[in-house]
Amino acid sequence: MNIVPEIAIKSDGLAAIGSYTFSLWTKRKIVLISDKKSFDIHGSKVLQYLTIIGFDVHTLILDETYYTVTTAKLIHTFLKNENITKTDGIIGLGNETLCQLSGFVSATYLGGLPLIQIPTTLIAQFIVCAQKQVCLLNSETTYLHTAQTRPDGIMIDSTLTDNLSKEELTAAQTLMLNLGFSQDHVCRHELRKKERIIDYQLNYELLFDKFESVKYFV
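Each residue of the sequence shown is one higher than the one before, starting from 1 at the first, in our numbering.
It should be emphasised that the hints constitute simulated quantities derived from the structure, not laboratory data. You may find that some hints are simply not true.
Between beta-carbon pairs, the in silico distance windows are [claimed, not checked]:
no. : residue 1 : residue 2 : range
1   : L179      : T142      : 39 to 49 Å
2   : E82       : L206      : 14 to 24 Å
3   : Q201      : V4        : 25 to 35 Å
4   : E82       : S182      : 26 to 36 Å
5   : S165      : F22       : 32 to 42 Å
6   : F78       : Q201      : 30 to 40 Å
7   : N138      : V186      : 30 to 40 Å
8   : F22       : E205      : 21 to 31 Å
9   : Q48       : V4        : 39 to 49 Å
10  : Q133      : T77       : 18 to 28 Å
11  : T85       : Q148      : 13 to 23 Å
12  : G111      : Q131      : 31 to 41 Å
The model shown is predicted, which means the values in this text are computed figures rather than measured ones. Note that beta-carbon positions come from the ideal geometry of N, C-alpha and C, so glycine has one too.
Using the sequences plus the hints, can you model the full thing?
Shown next as structure tokens:
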């Protein structure tokens, strides 16, 4: 697994997921983990372009609002039953909680599996680009369990943020502050433009300008 993820920022990037994945990995077995809402909207396209390239894709769709260490253990059992080995990989497709889950599973199964994240919300995009750790709640002990995450790649489809609600933009601005980016930071200026200007498209290079330890594949 790479120490620094390659972040692909593309318009209609989901159509490029096959070639992007092939640029990072040789042909291998892949488990696509997704929440139901994201899979219903984007799953068929992701599967289409992965299988066209020749990847053997196994799909796991979860219909839950939050995930715990127990969920991760159940996925470990699924991976074992599918004979997933360290030479295979995981792709996480979904919102911020799904990205936490897929990051945790990839970090903890067999000592670590290669991972590509496809975040489908702006908050998820920020989190997977900025976080070095993922965490899940252990509901039995009420403790958070953390794991180091090092995705090989992150696919950012810029069209997914074309129709953001004011609530989503406000949540993204709050996250920027929590990540240590000040009120006048260029990232927050971009978010304010999006809030003010109808049909404004975010400039992702400005948006991720201060994120450390990332490189771009455009």
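Are E82 and S182 spaced within 26 to 36 Å by their CB atoms? Violated: the Cβ-Cβ distance is about 46 Å, outside 26 to 36 Å.
Regarding Q48 and V4, is the given constraint of 39 to 49 Å on their beta-carbon distance met? violated, 29 Å
Evaluate the given range 14 to 24 Å for the C-beta pair formed by E82 and L206. violated, 41 Å
That 39 to 49 Å hint for L179 and T142 (C-beta), does it hold up? Since L179 and T142 have Cβ atoms about 26 Å apart, the given range 39 to 49 Å is violated.
State, for the Cβ atoms of Q133 and T77, whether the hinted interval 18 to 28 Å holds or is violated. holds, 24 Å
In this structure, is the beta-carbon distance linking Q201 and V4 contained in 25 to 35 Å? Once the Cβ atoms are compared, 26 Å apart, the range 25 to 35 Å for V4 and Q201 holds.
So does F22 sit 21 to 31 Å from E205, Cβ to Cβ? At 24 Å between Cβs, range holds.
Given the hint of 30 to 40 Å, check if N138 and V186 actually sit that far apart at their C-beta atoms. holds, 38 Å
With respect to the beta-carbon atoms only, verify the hint that G111 and Q131 lie 31 to 41 Å apart. violated, 20 Å
Could you check the hint for me, namely that F78 and Q201 are 30 to 40 Å apart, CB to CB? For Q201 against F78, whose Cβ atoms are near 38 Å apart, the range 30 to 40 Å holds.
Please check whether T85 and Q148 have a Cβ separation lying inside 13 to 23 Å. holds, 21 Å
So does S165 sit 32 to 42 Å from F22, Cβ to Cβ? holds, 35 Å
Checked against the numbered hints listed earlier, the structure breaks hints 1, 2, 4, 9, 12; every other hint is satisfied.
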